[in-house]
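Asks: As a plain string of letters, each chain reads:
Protein chains: 2
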Amino acid sequence: MNQRPSKPIPGVNLPKTQLGWDKFYALTGAAEKLFTRSSFHEVSVSDICRAAHTAVGTFYIYFETKTDLYRYLVEDYKRRIKQSLSESIAPCTTRLEREREGCKAFVMFSVKNPTVYNIIWGSLAVDKQLFKDYYVSFAKSYARALTEDREELCNPDVMTLSYALMGISSFLGLRAIFEKMSEAEVDKMLDESFLPMIKEGIIRMP
Amino acid sequence: MNQRPSKPIPGVNLPKTQLGWDKFYALTGAAEKLFTRSSFHEVSVSDICRAAHTAVGTFYIYFETKTDLYRYLVEDYKRRIKQSLSESIAPCTTRLEREREGCKAFVMFSVKNPTVYNIIWGSLAVDKQLFKDYYVSFAKSYARALTEDREELCNPDVMTLSYALMGISSFLGLRAIFEKMSEAEVDKMLDESFLPMIKEGIIRMP
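So the sequence lines, in the order shown, correspond to chains A and B. Count along the first sequence from 1, then add 180; that gives the number in this note's numbering. Count along the second sequence from 1, then add 180; that gives the number in this note's numbering.
Only chain A is shown next, with the shape it has when bound in the complex:
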């Protein structure tokens, strides 16, 4: 969960020592909790520092602004989601298996981290461009992955497929949260309904 980011994030100065990382994660963890309970604009830098038991000066060692800390949270979710997806699809040998395991990984990630929706969808109220960049870059990397398996796709329009598949995963994740689904119930939904849908479609043709 607290694995370190591998690439630089604008406005964020990553720590150089273990003590630094401890303070950094105290700040990001406190901020995420506060942003989920209240809105971005309601939470001040001093609220974050108070909850993280750090001095306000410490905040500004790592983050230029409160928006930069929010951007870090979005980037960190993106990194953790991608990591969870890539681990779950590593053993798969077909696109069908990759879609099934990828969708499961996203849905289970959502169930375990329901605040992902607060942070990602909430970014629309913080910075529209941040929200757009998140989905556009996710769609592009999804489309690249689909292109590698293009012989297994019914349709060459990988960008539309990417948005459609992101939409399906996001909304099955919402449903799993709403209905407090167990992993077994998620597996059942994927095997009995998601797989047939991507293998045969939704509408029965005469």
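Bear in mind the hints are in silico, worked out from the structure with no lab data behind them. Some hints could be false.
Short, incomplete list of chain B residues facing chain A, as computed with Cβ under 7 Å [to be verified]: (1) C334; (2) N335; (3) M346; (4) I348.
In this text, a Cβ means the ideal position worked out from N, Cα and C, and glycines have one as well.
For chain A, the structure is supplied; the task is to place chain B on it using the hints.
Replies: Just chain B now, kept in the frame of chain A:
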């Protein structure tokens, strides 16, 4: 756009005169603009009244709290989306046509009213229950409609199909906003990629 709601909304007292409706819509219109630019918690009742050129007392004639006005905005989007969907699918004779025209209606609604995402997804930061109720009730009515056409479906699990189809429409709507798609481009995306996807699926089976 300013068609009047047909059912009572808790915490909202609907006007009884034309003058009352004028003030009511001045308040809801001003609030929506402010909630899209700033967050719910940043905007005060007096900000809304100032922008709507009404007295603060007028606000409380129609809304018990600021959250009740927000609930009105969510309910009003739900009503307008459902109306747009039902008008667009009225001439359709098959489920395939209904899905195509329904998806187009939602995507075009999103393109014309991009703030629908700010208000609906933003409701997660205002009142989690409001957000959940919106999607659960939308999914239930979608599932009821799919049940009526069940002979035309590949799969009897209408609830999973409803969430998946809501996800597809929501994310194709996002893409259409991001890419500033024209109606002709939306039609192309639906005919060349959405229709094949729901008719034949996504993965080509050997």
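Asks: Indicate, hint by hint, whether the structure satisfies it.
Replies: Hint check:
| no. | hint | result |
| --- | --- | --- |
| 1 | C334 | holds, 5 Å |
| 2 | N335 | holds, 5 Å |
| 3 | M346 | holds, 5 Å |
| 4 | I348 | holds, 5 Å |
Taken one by one, the earlier hints all hold for this structure without exception.
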